[in-house]
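Given these sequences and hints, build the entire structure.
Under the numbering used here, the first residue of the sequence shown carries the number 618, and numbering increases by one thereafter.
Because the hints were derived from the structure by calculation, they are not lab data.
For glycine and all other residues, C-beta sits at the position ideal for the given N, C-alpha and C.
Check the hints yourself; a few may be wrong.
In the SDA-like style, the derived pairs of lysine to any residue whose C-alpha atoms are separated by at most 25 Å in a straight line are [what the hints assert, rightly or not]:
id: 1; residue 1: Lys-684; residue 2: Asn-661
id: 2; residue 1: Lys-668; residue 2: Leu-645
id: 3; residue 1: Lys-646; residue 2: Met-636
id: 4; residue 1: Lys-710; residue 2: His-654
Now the in silico label distances, taken between C-beta atoms and shown as ranges [unchecked claim]:
id: 5; residue 1: Asp-628; residue 2: Lys-710; range: 24 to 30 Å
id: 6; residue 1: Gly-737; residue 2: Leu-643; range: 43 to 49 Å
id: 7; residue 1: Arg-638; residue 2: Gln-699; range: 17 to 23 Å
id: 8; residue 1: Glu-672; residue 2: Glu-695; range: 29 to 35 Å
id: 9; residue 1: Glu-672; residue 2: Asp-628; range: 17 to 23 Å
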Amino acid sequence: MLILCVSGGCDSVSMLHLMERPSTLLLLKLHVLHFNHQLRPQANHEQAFVKSLAEHYKIPFHYKTAKHLKPGQTGIQETARQWRIEESLKMLKNIGADCIATGHHADDQTETLLLKWLRGTHISNLQGMLGKTLLLYAPC
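What follows is the structure, encoded as structure tokens:
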């Protein structure tokens, strides 16, 4: 069983489209997990969009809503990332899944570095997203 973390952006939606057919052929059960951070006006629309995709493919849909994130708070990106990882691992355990996949790729690493640099991050703290566990799969 595989959990696909789908944000509604082009990378994760492409991952969903690409994984649906092989999963049927390989008898791999998929679940879609969406995180609603409630930080942007379109967050609920994105959740509805991801839910409609999951329904279209007849894939179980799960979502988590952040209640602890506030726009402009210090370290919000890292806080949100840690929350997503924790909730993903809880979901993995709760439904008995084997793996979690995200739509992150090598260009996201470059973008993360550039944004940190533009925000004035000290050179000693310039790094991309760090992998935390083998259960999280992000293709390069």
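Now the hints, each set against the structure:
no.	hint	in the structure
1	Lys-684 - Asn-661	holds (14 Å)
2	Lys-668 - Leu-645	holds (20 Å)
3	Lys-646 - Met-636	holds (10 Å)
4	Lys-710 - His-654	holds (22 Å)
5	Asp-628 - Lys-710: 24 to 30 Å	holds (26 Å)
6	Gly-737 - Leu-643: 43 to 49 Å	holds (47 Å)
7	Arg-638 - Gln-699: 17 to 23 Å	violated (33 Å)
8	Glu-672 - Glu-695: 29 to 35 Å	holds (32 Å)
9	Glu-672 - Asp-628: 17 to 23 Å	holds (21 Å)
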